[in-house]
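Chains as they are written, first to last, in our numbering: chain A, 1 to 268; chain B, 269 to 525; chain C, 526 to 993.
Hints were generated in silico from the structure; no laboratory data involved.
All figures in this text were calculated on a predicted structure; none of them were measured in a lab.
Ideal placement from N, C-alpha and C gives every residue a C-beta, glycine not left out.
Careful: at least some of the hints might be erroneous.
So these bits of chain C aren't anywhere near chain A, every CB distance computed over 10 Å [what the hints assert, rightly or not]:
1) L620
2) F628
3) A882
4) T914
5) D960
6) D966
Which stretches of chain C does chain A cover? Using the computed rule of at least three CB atoms under 8 Å from a CB of chain A, they are [claimed, not checked]:
7) 557-563
8) 777-789
9) 890-900
Here are a few chain A residues that sit away from chain B, every Cβ distance over 10 Å (derived from the structure) [as the list claims (entries may be wrong)]:
10) F31
11) M63
12) A87
13) Y134
14) N163
15) G217
16) L254
17) N257
18) S261
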Amino acid sequence: MKGKKIIAKAYLWLVLLVLYAPIAFIVIFSFTEAKSLGNWTGISTQLYQNLFNGSMQNASGLMSAVKNTLLIALAASTMATLLGTVAAIGIYHLHGRKRGVMTFLNNIPMINPDIITGVSLFLLFVFLGISQGYLTVILAHITFCTPYVVLNVMPKLRQMNPNIYEAALDLGATPSQALRKVLVPALRPGMISGFILAFTMSLDDFAVTFFTRGTIGLDTLSTYIYADARKGGLTPELKPLMSIIFLIILVVLLAINIRQSKQQQTKS
Amino acid sequence: MNKRSSWALPYFIFLVLFVVLPLLLIVMYALQDGSGHFTLRNITKFFSDKDALSTFALSIEVAIENTLLCVLIGYPAAYILADNKLNRSAVTVVLFILPMWINALMRTLATAELFNMAGIPLGKGTLLFGMCYDYLPFMIYPIYNQLKKMDPSYAEAAQDLGATPVQVFRKVTLPLSMPGVWSGVMMVFMPTVSTFAISEFLTNNKIKLFGTIIQENINNSMWNYGAALSLIMLVIIGITTFLQGGDQQEEVSGGLI
Amino acid sequence: MAEKDDIIISLDHISKSFGDKKVLDDISLSIKRGEFVTFLGPSGCGKTTTLRLIAGFGKPDEGTVTMEGKVINDIPPYQRKLNTVFQRYALFPHLDVYDNVAFGLKLQKVPEAEIEKRVKKVLKLVSMSDYEDRDVESLSGGQQQRVAIARALINQPRVLLLDEPLAALDLKMRKDMQIELKEMHKKLGITFIYVTHDQEEALTLSDTIVVMNEGKIQQIGTPTDIYNEPVNAFVADFIGESNILKGRMIRDRRVAFIKHEFDCVDEGFGEDVKVDVVVRPEDIYFTNDPAKCQFKAKVNSCTFKGVHYEMWVDTDTGYELMIQDYDPYEVGSEVMLYIDPDDIQVMKKERLANTYAAKVVGEGKAEFLGTEFNCDTTGFAEGDEAVATIRFENVELLDYEKEADLTGNVVFILYMGNHYHLTIKTDNGENIWVDTNDIWDKGDFVGIKILPENIELTKPATGNEQKV
């Protein structure tokens with residue numbers, strides 16, 4: 001029994017080691033000055049300083065890419081959360097064929113590979129003659145984020161006592177008061193996890209942005225990295241930037257999960 | 269009651285406009301020539317284009333190999349993670365899904381650099397390894413979820429009826445975890461076929477996958493041919509989804525966090 | 526006029542359907558101020574739907590709901606002066622006990638000090654004073670129940686609606702809460718409208734019971750009325766234990782059943798008329814006096830039930846009866862029995878046979894129950910309207926679909942002492958009543974077969990007169 005456990009643990013750690021090797025690689029080489037990855041020239045925080053001072057080549061390009069990434073992610077995930085929550089409530093109250101159709105449609109953006117979503121939306125914007133830029137990228141991001149919000153809110157609707165909305169009406173709340181004071185609080189955990197999921201998906205997206213950003217020179221972090229890498233030399237300051245992003249995501253995800261498992265423990 | 273079901277309406281309109289209509293446009297553009305006349309030329313062009321066909325075949329091959337690799341490496345990991353006796357820590361699980369949240373391009377670039385540093389030439393081998401590395405978390409997570417929600421009394425009942433641990437796994441645990449495996453396959457196979465930037469980085473542009481040709485055609489304003497290639501991809505998606513047996517998506521990707 | 530002021534809620538000819546299923550069919554009743562009224566019936570009988578119409582969650586398709594003289598069909602729930610205690614409580618999970626109870630007052634923008642005073646008072650009423658800050662999900666079922674009641678009462682409703690409030694509690698807790706509810710009703714003096722499927726709960730709590738089945742009111746009355754004088758076999762069977770038997774009214778105050786004749790107190794049925802008879806198991810007495818003995822029987826089982834013994838006896842005429850008594854009688858022993866005239870409840874038969882509107886569709890063929898049957902059509906021409914009559918015992922039930930004329934499900938079973946009287950709902954929603962010796966379970970899928978010689982066609986009654 002003991003031997004089995006050791007083998008199991010060893011396997012897990014081995015896989016983790018491989019998974020994290022490139023990430024560790026980025027983090028380690030963010031602490032050296034060399035231009036290209038894999039070239040160690042001694043410990044230095046120069047790249048971090050450059051990043052925060054903005055004293056590097058094409059600083060404005062990278063900074064605006066970061067700003068765009070965050071703005072687009074924030075706008076798209078907020079809209080997706082609103083749209084998805086309202087939609088989930090609607091779908092929850094649908095029955096039979098109508099519900100089947102909505103579930104099917106909702107699944108399409110999740111099953112479609114990014115490139116199909118990207119190309120199809122590109123064709124849509126071309127067809128409708130909409131000039132591509134922020135608006136089209138945000139709309140495209142809402143398209144692939146909303147299904148995940150719907151999926152995160154749905155279980156909360158199922159867990160919810162179906163009578164609490166009516167209980168609020170019964171106690172004198174108007175429908176809009178019942179929505180704000182009872183329904184939204186009950187769905188909030190699902191909305192929050194849906195929002196976070198949407199936000200990170202938007203942050204991470206490359207293909208859809210690539211096809212819907214148009215030709216106005218709009219760059220997000222992903223498209224910036226892509227263009228940079230195609231040019232041959234990766235901006236060295238990307239390494240500290242990615243390290244910081246990685247650290248933030250690690251802390252947020254661990255915090256959420258530890259809090260969740262604690263809650264589950266106190267409940268049981 | 270009926271009032272609240274109408275809340276689905278805005279999203280329905282949104283989906284029609286931004287999902288259904290765009291997909292129909294792929295079909296429309298695929299069946300038109302540059303001046304908007306109906307034609308099958310784009311489709312026949314693909315089937316008579318040796319380069320495109322071999323890229324397509326290679327993409328499918330890489331995708332199948334990558335998916336198999338992910339299952340082979342991912343299933344044991346998911347199994348260990350879901351087993352209460354072997355793993356008690358929720359943090360380990362988080363560590364496994366965490367790479368999903370890191371920018372894929374950046375990770376891929378770093379992987380390619382790692383190969384460079386180790387002196388391994390970029391080619392099909394590195395492509396497979398890098399892809400597997402990119403998509404492994406997407407395989408582990410749904411399998412883990414499926415195993416985790418399985419009632420342990422099934423395995424106990426099998427043991428009680430005389431099954432050895434190996435038989436328990438083969439006859440009970442494995443069949444019951446198949447829905448998780450299938451949704452993992454869906455989350456790995458299609459993206460692998462269609463990936464473009466990742467394959468460029470991992471092979472230094474030596475190997476082109478199907479996604480890359482779609483991208484090149486669209487970027488070079490060959491919309492109709494690009495749309496035709498996308499349509500072929502859509503057909504494959506349709507077939508795999510159908511083979512996979514519908515939409516378990518609702519349950520599996522329900523709570524990625 | 527004084528009489529009218531006394532009515533707080535009335536329902537007039539209410540009907541309601543969901544899809545093509547009619548869940549309420551012409552419901553009318555009036556509820557007096559301060560009354561404790563219970564809607565009682567099996568699941569799906571329409572009792573909860575009725576309550577929801579009163580609360581405002583849904584509108585009747587036909588008819589009016591009136592409260593304090595005003596029609597409230599179109600008034601939304603949040604403007605109705607009544608509050609509901611929901612099935613499974615529906616407490617707001619994100620609010621603590623205090624905020625749950627204060628919810629209604631906060632909406633009305635009552636000053637904070639006043640809210641606090643009233644919350645404290647109502648929590649005291651339900652004995653939950655020390656729980657103000659508790660998370661509602663950490664409370665036991667009984668405690669959640671009390672909070673739900675407090676939350677509904679704080680708005681000082683004129684009517685409190687309770688939808689199976691005790692269903693989720695265990696037996697002991699349920700009994701305690703019954704007593705508390707009763708006391709609360711007395712203390713508050715407001716109208717309680719209560720929904721339950723538990724007949725004992727209804728008998729314990731209510732001033733008035735409304736027995737419902739299949740969307741129709743079966744009987745309205747006090748608990749004693751309903752128990753002692755059920756108007757039909759359904760009510761007799763649903764409320765308490767009973768022996769329900771076929772009988773024949775010989776003349777006023779004299780009735781025959783189980784092939785014996787008995788004195789009774791019922792009059793006005795006519796002479797030599799078929800009736801149903803209900804005798805409660807505690808109303809059949811044992812005697813040692815041959816002069817008192819009305820019939821003999823043999824004990825075939827005897828089970829101790831806590832306070833009394835429950836015995837099944839076979840009468841000398843071949844019927845099975847249930848008897849409850851404080852003293853046990855040995856299995857196999859011969860006993861002498863009698864029934865007081867007071868304890869025999871005679872009911873008019875709801876129907877004597879199955880009758881359906883039929884249409885002759887050809888030589889030897891008639892259509893009814895949505896199917897074509899072979900039968901004797903002598904004296905009828907094609908296209909004629911007719912009435913098809915089939916005796917209960919002539920309907921054959923099969924446990925397979927093949928050879929069956931149509932199919933349906935067993936929805937109600939009545940044991941009549943020596944045979945079962947079943948209600949079968951056919952797939953297109955019509956009822957067929959069947960007498961059989963075979964044992965079926967509620968919900969069973971059955972094939973129905975009617976032989977041609979058992980279908981009797983008659984001319985439809987002329988004018989407005991309908992079938993009896």
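Outside-interface status for A882 (chain C) - nearest CB in chain A farther than 10 Å: holds, 33 Å
Assertion that S261 (chain A) lies farther than 10 Å from chain B (Cβ): violated, 5 Å
Beyond 10 Å from every chain B Cβ - status for M63 (chain A): Holds, since 17 Å exceeds 10 Å.
Whether chain A covers the segment 890-900 of chain C (at least 3 residues having a Cβ closer than 8 Å to its Cβ atoms): violated (count 0)
Distal placement of F628 (chain C) relative to chain A, Cβ over 10 Å: violated, 5 Å
Per-stretch coverage check for the segment 557-563 of chain C, three Cβ contacts closer than 8 Å to chain A: Since 0 is below three, the answer is violated.
Check on F31 (chain A) being off the interface with chain B, judged by Cβ distance over 10 Å: holds, 15 Å
Whether D966 (chain C) stays farther than 10 Å from all C-beta atoms of chain A, as the label says: holds, 30 Å
Claimed clearance of chain B by N257 (chain A), with the beta carbon kept past 10 Å: violated, 5 Å
Separation of A87 (chain A) from chain B, once the least beta-carbon distance is taken, above 10 Å: Violated, since 3 Å does not exceed 10 Å.
Separation of G217 (chain A) from chain B, once the least beta-carbon distance is taken, above 10 Å: Holds: least Cβ distance 15 Å, greater than 10 Å.
Least C-beta distance from Y134 (chain A) to chain B larger than 10 Å: holds, 16 Å
When held up to the earlier numbered hints, the structure conflicts with 1, 2, 7, 8, 9, 12, 16, 17, 18 and fits the remainder.
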